[in-house]
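A.B. asks: Here are the chains, one letter per residue:
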Amino acid sequence: MTARVGVVTFPGSLDDGDAARAVRIAGAQPVRLWHGDPELHGVDAVVLPGGFSYGDYLRCGAIARFAPVMETIVDAAAGGLPVLGICNGFQILCEAHLLPGALTRNQHLHFRNRDQILRIESAGTAWTNVFQPGQEVLIPVKNGEGCYVADPATLDALEAEGRVVARYVGVNPNGSQRDIAAITNPAGNVVGIMPHPEHAVEALTGPSLDGLGFFTSVLKHLVGAPA
Amino acid sequence: MTTHPDPVRDTPEAVPATPAQPVQPYPAASAGQADWADRVDTVPRAEGTPEELQPYAELGLRDDEYDRIRHILGRRPTQSELAMYSIMWSEHCSYKSSKVHLRQFGEKAPPSDRLLAGIGENAGVVRVSDELAVTFKVESHNHPSFVEPYQGAATGVGGIVRDILAMGARPVAVMDPLRFGAADHPDTARVLPGVVAGVGGYGNCLGLPNIGGEVVFDPCYQGNPLVNALCLGVLPVSRLQNKAAVGPGNVVVLMGAKTGRDGIGGVSVLASATFTEGSEQRRPSVQVGDPFTEKLLIEACLELYDAELVAGIQDLGGAGLTCALTETAAAAGTGMRVWLERVPLREPSMDPHEILASESQERMLLVVEPAKLETVLKTCEKWGVLATAIGEVTAPEPDGQPGRLLITWRDQLVVDVPPGSLVDDGPVYARPMREPADLILLQADRAETLPRPSDPDALRETVLRMIASPNLCDKTWVTEQYDRYVLGNTVLAQPEDSGVIRIDERTGLGVALSVDGNGRYARLDPYHGAKLALAEAYRNVVVTGATPIAVTDCLNFGSPEDPGVMWQFAEAVRGLADGCAELGIPVTGGNVSFYNQTGAAAIHPTPVVGVLGVLDNVAERVAMGFVPRPSGDHDQLFLLGETHVELSGSEWAWVTHQHLGGVPPQVDLAREKQLGELLAAAARVGHVSSAHDLSDGGLAQSLVESCLRYGVGARIAVPERFEGTSMPFVFLFSESAGRVLVSVPRGHEKAFTALCAEHGVPWELIGVTDSTGGALEVHGQFRIGLDELREAHSATLPALFGGVQPVELTVQDSAVEAAPVDAVEAPVEADPVASVEDAEPHAEAVSDGVESPEDDRPVERAAPPVRQQPIEAAGEQDTATDAPQGQSSADER
Numbered sequence: 001m002t003a004r005v006g007v008v009t010f011p012g013s014l015d016d017g018d019a020a021r022a023v024r025i026a027g028a029q030p031v032r033l034w035h036g037d038p039e040l041h042g043v044d045a046v047v048l049p050g051g052f053s054y055g056d057y058l059r060c061g062a063i064a065r066f067a068p069v070m071e072t073i074v075d076a077a078a079g080g081l082p083v084l085g086i087c088n089g090f091q092i093l094c095e096a097h098l099l100p101g102a103l104t105r106n107q108h109l110h111f112r113n114r115d116q117i118l119r120i121e122s123a124g125t126a127w128t129n130v131f132q133p134g135q136e137v138l139i140p141v142k143n144g145e146g147c148y149v150a151d152p153a154t155l156d157a158l159e160a161e162g163r164v165v166a167r168y169v170g171v172n173p174n175g176s177q178r179d180i181a182a183i184t185n186p187a188g189n190v191v192g193i194m195p196h197p198e199h200a201v202e203a204l205t206g207p208s209l210d211g212l213g214f215f216t217s218v219l220k221h222l223v224g225a226p227a
Numbered sequence: 001m002t003t004h005p006d007p008v009r010d011t012p013e014a015v016p017a018t019p020a021q022p023v024q025p026y027p028a029a030s031a032g033q034a035d036w037a038d039r040v041d042t043v044p045r046a047e048g049t050p051e052e053l054q055p056y057a058e059l060g061l062r063d064d065e066y067d068r069i070r071h072i073l074g075r076r077p078t079q080s081e082l083a084m085y086s087i088m089w090s091e092h093c094s095y096k097s098s099k100v101h102l103r104q105f106g107e108k109a110p111p112s113d114r115l116l117a118g119i120g121e122n123a124g125v126v127r128v129s130d131e132l133a134v135t136f137k138v139e140s141h142n143h144p145s146f147v148e149p150y151q152g153a154a155t156g157v158g159g160i161v162r163d164i165l166a167m168g169a170r171p172v173a174v175m176d177p178l179r180f181g182a183a184d185h186p187d188t189a190r191v192l193p194g195v196v197a198g199v200g201g202y203g204n205c206l207g208l209p210n211i212g213g214e215v216v217f218d219p220c221y222q223g224n225p226l227v228n229a230l231c232l233g234v235l236p237v238s239r240l241q242n243k244a245a246v247g248p249g250n251v252v253v254l255m256g257a258k259t260g261r262d263g264i265g266g267v268s269v270l271a272s273a274t275f276t277e278g279s280e281q282r283r284p285s286v287q288v289g290d291p292f293t294e295k296l297l298i299e300a301c302l303e304l305y306d307a308e309l310v311a312g313i314q315d316l317g318g319a320g321l322t323c324a325l326t327e328t329a330a331a332a333g334t335g336m337r338v339w340l341e342r343v344p345l346r347e348p349s350m351d352p353h354e355i356l357a358s359e360s361q362e363r364m365l366l367v368v369e370p371a372k373l374e375t376v377l378k379t380c381e382k383w384g385v386l387a388t389a390i391g392e393v394t395a396p397e398p399d400g401q402p403g404r405l406l407i408t409w410r411d412q413l414v415v416d417v418p419p420g421s422l423v424d425d426g427p428v429y430a431r432p433m434r435e436p437a438d439l440i441l442l443q444a445d446r447a448e449t450l451p452r453p454s455d456p457d458a459l460r461e462t463v464l465r466m467i468a469s470p471n472l473c474d475k476t477w478v479t480e481q482y483d484r485y486v487l488g489n490t491v492l493a494q495p496e497d498s499g500v501i502r503i504d505e506r507t508g509l510g511v512a513l514s515v516d517g518n519g520r521y522a523r524l525d526p527y528h529g530a531k532l533a534l535a536e537a538y539r540n541v542v543v544t545g546a547t548p549i550a551v552t553d554c555l556n557f558g559s560p561e562d563p564g565v566m567w568q569f570a571e572a573v574r575g576l577a578d579g580c581a582e583l584g585i586p587v588t589g590g591n592v593s594f595y596n597q598t599g600a601a602a603i604h605p606t607p608v609v610g611v612l613g614v615l616d617n618v619a620e621r622v623a624m625g626f627v628p629r630p631s632g633d634h635d636q637l638f639l640l641g642e643t644h645v646e647l648s649g650s651e652w653a654w655v656t657h658q659h660l661g662g663v664p665p666q667v668d669l670a671r672e673k674q675l676g677e678l679l680a681a682a683a684r685v686g687h688v689s690s691a692h693d694l695s696d697g698g699l700a701q702s703l704v705e706s707c708l709r710y711g712v713g714a715r716i717a718v719p720e721r722f723e724g725t726s727m728p729f730v731f732l733f734s735e736s737a738g739r740v741l742v743s744v745p746r747g748h749e750k751a752f753t754a755l756c757a758e759h760g761v762p763w764e765l766i767g768v769t770d771s772t773g774g775a776l777e778v779h780g781q782f783r784i785g786l787d788e789l790r791e792a793h794s795a796t797l798p799a800l801f802g803g804v805q806p807v808e809l810t811v812q813d814s815a816v817e818a819a820p821v822d823a824v825e826a827p828v829e830a831d832p833v834a835s836v837e838d839a840e841p842h843a844e845a846v847s848d849g850v851e852s853p854e855d856d857r858p859v860e861r862a863a864p865p866v867r868q869q870p871i872e873a874a875g876e877q878d879t880a881t882d883a884p885q886g887q888s889s890a891d892e893r
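Which chain is which? The protein sequence lines are U and V, in order. Be aware that the first sequence starts at 1, since it is given in full-length UniProt numbering, and climbs by one per residue. Be aware that the second sequence starts at 1, since it is given in full-length UniProt numbering, and climbs by one per residue.
No lab work stands behind these hints: they were computed from the structure. Just to be clear, a hint being listed does not mean it is correct.
Stated by the list, open to error - So the derived list for chain V, only partly shown, Cβ under 8 Å to chain U, looks like this: (1) 483; (2) 484; (3) 710.
Stated by the list, open to error - Calculated cross-link-like contacts (lysine to any residue; reagent style SDA-like; alpha-carbon spacing at most 20 Å): (4) V:382 <-> U:171; (5) V:382 <-> U:123; (6) V:378 <-> U:57; (7) V:475 <-> U:17; (8) V:382 <-> U:108; (9) V:673 <-> V:584; (10) V:378 <-> U:171; (11) V:475 <-> U:108; (12) V:372 <-> U:34; (13) V:378 <-> U:34; (14) V:382 <-> U:55; (15) V:258 <-> U:57; (16) V:372 <-> U:40; (17) V:382 <-> U:17; (18) V:382 <-> U:66; (19) V:475 <-> V:258; (20) V:108 <-> U:36.
Just so you know, these numbers come straight off a predicted model, no measurement behind them. All residues carry an ideal CB built from backbone N, CA and C; glycine is no exception.
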């Protein structure tokens, strides 16, 4: 049976169609979820896409975490539902306290879009299990508020528990502490990533096909996961 | 969020005899009726006070224009009517100075069976397949962006996006041609970062990829930066929308943001007057953007279109509600009855004339059948978009005359006008025109006479200085602030020659878009300058392999009241119209921006031209970068077109000598067309691995850009006739039009050159790519490592505007860059460049006696011959004889 992967659309979501395309190319069935509908429609995993939910005129993701669909997702994540937050989705996961820390304004204060090399630090999550630890991948980064910050104790804990999922290699594009590009929760089912793997899934439109691994990982995870 | 106002029930005949239901939605404004009556200038009051003085001159209306309004109405206008006429008859809205010239775009337009909507609509729409059409337009937001760079630029993007949306299309990409004053001027450091952040802030938040544009610096734009914005949209042919307010009885719905005091008088105050001291005081005339609301507006409108709920739609841009109400009614010949107090206001104290003039952003006007109103309001509510029924379409007059626009404000009739009188019957001026007195002297001061670098060291230094100059340097500092990936259909984006967008994932159908202009060329010769802008945009599209089908333009000029400026404008329009006729592609829409002038100093005339092309399969598109090859393999580099000694108006003359004079390069659109057909054919069969347009900065610039794209070097041989003294410099820096640099994979050379001959395109083998050398080498002249090139090319903008490091290499690049760079002296016998030289035909005689007394340029020309077979042609002196039919060497022109 084809896995069903939900992609949430908030007002102001922008990369929702792209996340759905990546899910499709990875071989799963994308299911569009609506921010105002708490029902997850039986999906096996959820992607929170990039964008500017509710305009993000307040703190990024601060309003989206209160969306009806998020209440269901927070509960389901506690039960093991794989959740990937990309860019704005990462910000929402932090605001929803599914992941620690916060994403703040890029240190250089500019929006930045470039092709970024990442090193996969943890291949143990639901979204990175097809990668090798230490593998370098090329993924576009594009954000204005992608600077990951947390207190030193949290950062140390993330490192110690192997929960730093990916780091920026070369120039850090936004000033993130310890070059952190992606992190996961203790169970490894919730991952937040600032760069956009959904924009590296087609040779024609992306800088590489490396992003596809995030989406095939969750399919592999679902096959292995107990029903 | 959606409000459900009282149903619109009154018939227009009942007004004002039987006023509408009193509606008082804003308690804060519940002043006594008497107070309002005192403040509001009503139609009856206007009839009773014919002698009352009105501030028409302050609103930009001339005496005769004011008299005409009185004649149309048979009385003095009310305050609201005066505001409406002053806006709609302003230069910005009425095109009163440009109309007589713009007609040529229609008159000279080649027939096109693709055109679904043309000039006069919100944007032109062209069919690209049986099911799909695209719409695109470029517009200016120059004046607001000088006053308030961030919001001016942001709302410029917002405005053009709504134009595209109003045609029934989903906006899918934006581009931004930007022009600023001198790069190192302190005010440029204020304007540029704000404009770039504004373009990015709005477009990124809207989820539209930014796929290209221009960043140009010239002191002439110091007080008048040009912020032009282009938007591309895609629609199913069946979803095309119309702005006509058809169907008496239909409901008029205002959708989107609340109306505030921002932008009042934007078009009349800002866009239709010359800047003077104190322009900083005009900040309240600049609108403030809210991209989030616009994003919701887009999604809501598209859902309404798909459910076929919309009878007519118009965006609210410059001139706000006034423009939308009058244009929709005039387009249908109907009348309209509007209850102005129903307009949701941000500031309840606004007067009717302010509501009518407000340029608050993110608003659309819908015409909806009464039975569908409820569904429309529900859809808007789903997206959290405010939608309010504010009026009703009324029937034309019983005698067949168009209907009237009646607007009441709390039961008081404040507007009673024929809508067409504001839209179509505005003043039209054939303004006086005169060639600028200094033009003859300017044209006589040719850059071809300037001292040129004539030894290898000087040439090397020139290359490095030119690629670091503000206009030619790497623009990553700017473009990194734009999202180019969102929507997942960006096949090519800056720094490529064109942006390429896939519009049908199923078939691979896509479009290529480029937007170009050169103010210096147009200053020297506006007629040919406009043609050159068209030629460059056309060439930038064809290098991708696309077939051009439509043109849009943004005509940026000084004050039309200056006869010299008016002459420049007329010449530029004539050039563009003639050019489009020659190329066989129509202008489908555009924009005129006058009054780009501070005091007596006007900007260079700057026609910015956008060309759109179609690619049947975007997978076949050709990009500009040299492709890395395994060690020992290389592609051959061909220069297509003819190189003449053409340096006037060039980037080199400006950077090196601060010189602007002479006449711009010749432009031959028939040649451009041949070039386009060749490149489309070559792309289809995979004969070319890269193609890059030559324009500002000439061959040197294109070589450097193609090398740096993927970190692949090149070795170039200067053709024999360009040998000696300063001729290698001419080969590298001349800006002759109609030229393209292509790389051809091994095994394709013969087929490619045969194709060139078939299409009548002159070609010349000038070198090879070099994946391992890590340098750009020009034989016998210089060798510059790619690292040195990259550093020179990319350091300029970060040094000027700070903050951001130069672009990093990709994984692929790193591998290439890591290759040894020691292969300086390749063995001669194995050197492909050397063999190229051997195969080179001798130079055509530089001075071959074809001098023409009125133009001495042919003397300096060194046209490459047109050949069918490089080997056979080797050693031939006279190339005219073996030129294929239909071709001529340049000197015969």
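A.B. asks: All the hints need checking, so say for each whether the structure fits it.
C.D. replies: Hint by hint, here is what the structure shows:
1. 483: holds, 5 Å
2. 484: holds, 6 Å
3. 710: violated, 12 Å
4. V:382 <-> U:171: violated, 42 Å
5. V:382 <-> U:123: violated, 40 Å
6. V:378 <-> U:57: Distance ~25 Å between residue 378 (chain V) and residue 57 (chain U) Cα, so the pair is violated.
7. V:475 <-> U:17: Given pair residue 475 (chain V), residue 17 (chain U) is violated - Cα atoms ~29 Å apart, limit 20 Å.
8. V:382 <-> U:108: violated, 37 Å
9. V:673 <-> V:584: holds, 9 Å
10. V:378 <-> U:171: Between residue 378 (chain V) and residue 171 (chain U) the Cα gap is close to 48 Å, so the pair fails against 20 Å, i.e. violated.
11. V:475 <-> U:108: holds, 17 Å
12. V:372 <-> U:34: Measuring from Cα to Cα gives roughly 24 Å; hence the hint is violated.
13. V:378 <-> U:34: Since the Cα atoms of residue 378 (chain V) and residue 34 (chain U) sit roughly 16 Å apart, the hinted pair holds (cutoff 20 Å).
14. V:382 <-> U:55: holds, 16 Å
15. V:258 <-> U:57: holds, 18 Å
16. V:372 <-> U:40: It is violated: about 31 Å lies between the C-alpha atoms, which goes past 20 Å.
17. V:382 <-> U:17: holds, 19 Å
18. V:382 <-> U:66: The hint holds at about 17 Å.
19. V:475 <-> V:258: It is violated: about 37 Å lies between the C-alpha atoms, which goes past 20 Å.
20. V:108 <-> U:36: violated, 53 Å
Violated hints, in rising order: 3, 4, 5, 6, 7, 8, 10, 12, 16, 19, 20; the structure is consistent with all others.
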